[in-house]
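Participant: Residue-level listing of the chains:
There are 2 protein chains.
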Amino acid sequence: MLATVLHGPGDVRFEHVEEPRILLPTDAIIKLSASCICGSDLWPYRGLQPMNGPAHMGHEYCGIVVDVGSDVTTVKPGQFVVGSFCLSDNTCPHCQHGFQSSCVQREFMSGAQAPYARVPLADGTLVATPEVPPEDLIPSLLAVSDVLGTGWYAADAARVQPGSTVVVVGDGAVGLMGVLSAKQMGAGRIIAMSRHKHRQELALEYGATDIVTERGEAGVAQIKALTGGVGADSVLECVGTQESMRQALQSARPGAMVGYVGVPHGVEFDGQSLFFAQVGMLGGPAPVRRFLPHLMDLVLTRKINPGKVFDLAIPLADVAEGYRAMDERRAIKTLLRV
Amino acid sequence: MLATVLHGPGDVRFEHVEEPRILLPTDAIIKLSASCICGSDLWPYRGLQPMNGPAHMGHEYCGIVVDVGSDVTTVKPGQFVVGSFCLSDNTCPHCQHGFQSSCVQREFMSGAQAPYARVPLADGTLVATPEVPPEDLIPSLLAVSDVLGTGWYAADAARVQPGSTVVVVGDGAVGLMGVLSAKQMGAGRIIAMSRHKHRQELALEYGATDIVTERGEAGVAQIKALTGGVGADSVLECVGTQESMRQALQSARPGAMVGYVGVPHGVEFDGQSLFFAQVGMLGGPAPVRRFLPHLMDLVLTRKINPGKVFDLAIPLADVAEGYRAMDERRAIKTLLRV
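Those protein sequences? They're chains P and Z, same order as listed.
Residue numbering for the first sequence follows full-length UniProt numbering, beginning at 1 and increasing consecutively.
Residue numbering for the second sequence follows full-length UniProt numbering, beginning at 1 and increasing consecutively.
No wet-lab data here; the hints were simulated from the structure.
By construction, the Cβ of each residue, glycine as well, lies at the ideal position given by its N, Cα and C atoms.
You may find that some hints are simply not true.
What the hints assert, rightly or not - Here are some, though not all, of the chain P residues that point toward chain Z, as calculated from beta-carbon distances under 8 Å:
1. Pro93
2. Ser101
3. Val230
4. Pro264
5. Phe269
6. Asp270
7. Gly271
8. Phe276
9. Gln278
10. Gly280
11. Met281
12. Leu282
13. Gly284
14. Ala313
What the hints assert, rightly or not - Derived CB-CB ranges, DEER-like:
15. Z/Thr301 x P/Glu268: 41 to 49 Å
16. P/Leu24 x Z/Arg46: 51 to 59 Å
17. Z/Gln272 x P/Arg215: 51 to 59 Å
Produce the complete structure using the sequences and hints provided.
Facilitator: In structure tokens form, the structure reads like this:
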């Protein structure tokens, strides 16, 4: 089959690869209903993350099961499934505590920017819908797999409560999903930091009550001005740089939590500063599996529309253009039609 | 009067100082019922923290109000009071959120290793007992002021729940109070890390279920062995060094919280390691004021006996010996009889 392989910085190729097949009795093979490009795919694309040779790209997925290994009992061929970008057995103690992204058997999904993909640990990872969903819900169900699940985790880790004042740092797809998630959790005020008109509009549509366009010290000053000098109860850090993390920490009131989901690149913390700021932190790869049933239900009952975050939809064969569009910030997130 | 002044590393003097008097209408003056030496007093005593000239030592206190400023309404001369080592107005937004240790008017108490002390922000800081308590409860009420309040905050920040598995890093007075606090909060298992027999005994008396004597990698391995390879739900970091913080983070399971109350000295965190460990953190100076009424009640009704942490009681005039005893770890915590 033809699928997406990253050969080096800026070098995305749609080329022949072996079709996936069952390697372990716990595997499933799915036919992708759609695929997409993640903000985190841009780290290696931009040469900001080391690579060990060519990489089969794509970790967000939903689709129809076409084959399962002999140990798989919870899904079967013909079913529509969504899975997390973190593969987990969903039975180990970490999974039982709701942190499936730290499963003792954890693997990260790969190879999903393709017509077919192998999903290891299928029983623990995949959740099937009662029936094959209508076509128009595919983008939203695909979003659940990572970008919505990650934004939701940011809000959960930041302990958003009904009435909370929330700041979202980062106006990428995850940040926008963070806005949606905070809104669903009942936040009273949601301040989105964004300098891009199109993203601001989507943030407002997803529930943002305020937009702050400034960054750095000026951005923090604006947050403080909007919160009577206090700072936010919950901050969602959805970027992963030292600047965005500083912005997040300084936007939080003492006792607040920062949920950080942007993979930190070059981020360091000084213990004493963090201590006296008295700001709590919880981050990590999102345990999407914990949230999957609830988020899939919200989509299937059309209560949320996370799929709107895909503002570019192109054929899978044009995947290289999809990377370029996101790299140049012409697109928030690219859907790949399979 | 004669009081305690630290002139430089190792140089504690009991010498003549001016008697405190009302400087602001929000001040109170108290006659100390007892005073004590804090583990944090040892940082400057050991030369590990810069000093700006001689310092009037002592920030833990309880006693009888002898004078109040014209604005003070909640306490009056003759009443017995306990206050936090963090002075706060208890009305600002941070105080209202329960983080009085980040009060917009916050000051740190000083000069309480003395017969009399000035307490700024008296209305917000002090809590009076219904009547003057019996003499034998004074050590426990004094402990509430900082060491118990700080151990309690560590457990609160680490989100100890009924049934939780808790690790306490540090067998100083705060660590021992962390054990007591976790027990009060209903922890199912409390693992105290301690190499000192006397401290181990007190930890067991306060509710520890297990003692780990190893440190570093061996200590972490022991914690993992005791928790079926999982790690703790909550970790209380009560030291403040890079080694103790590493120990704390590595003892925690993914999704756990580390409550850290040892003032970090030279502690740094790598963002990416923290991200993939998926361990949450909340620290800072303890908002003791939030807990004061509850903790004072637990002492007055004799449900807890935190005062037992004082294993050396000497006259205030011998304060220099009290510092030496704690510095040399001959004493866990020194009570100063006034």
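Participant: Now tell me if each hint is right for this structure.
Facilitator: Evaluated hints:
1. Pro93: It holds, given that the least Cβ distance between P/Pro93 and chain Z is near 5 Å, below 8 Å.
2. Ser101: holds (7 Å)
3. Val230: holds (5 Å)
4. Pro264: This interface hint holds because 3 Å falls under the 8 Å limit.
5. Phe269: holds (4 Å)
6. Asp270: holds (6 Å)
7. Gly271: Interface hint status for P/Gly271: holds (3 Å vs cutoff 8 Å).
8. Phe276: holds (7 Å)
9. Gln278: Cβ of P/Gln278 sits 3 Å from chain Z, so the hint holds.
10. Gly280: P/Gly280 check passes; min Cβ-Cβ to chain Z is 3 Å, inside 8 Å.
11. Met281: holds (5 Å)
12. Leu282: holds (3 Å)
13. Gly284: Cβ of P/Gly284 sits 3 Å from chain Z, so the hint holds.
14. Ala313: The hint is violated - P/Ala313 has no Cβ within 8 Å of chain Z, the shortest such distance being about 31 Å.
15. Z/Thr301 x P/Glu268: 41 to 49 Å: The hint (41 to 49 Å, Cβ to Cβ) holds, given that Z/Thr301 and P/Glu268 are roughly 46 Å apart.
16. P/Leu24 x Z/Arg46: 51 to 59 Å: This hint holds: roughly 57 Å between Cβ atoms.
17. Z/Gln272 x P/Arg215: 51 to 59 Å: violated (23 Å)
Going down the numbered hints, you'll see the structure goes against 14 and 17, while the others check out.
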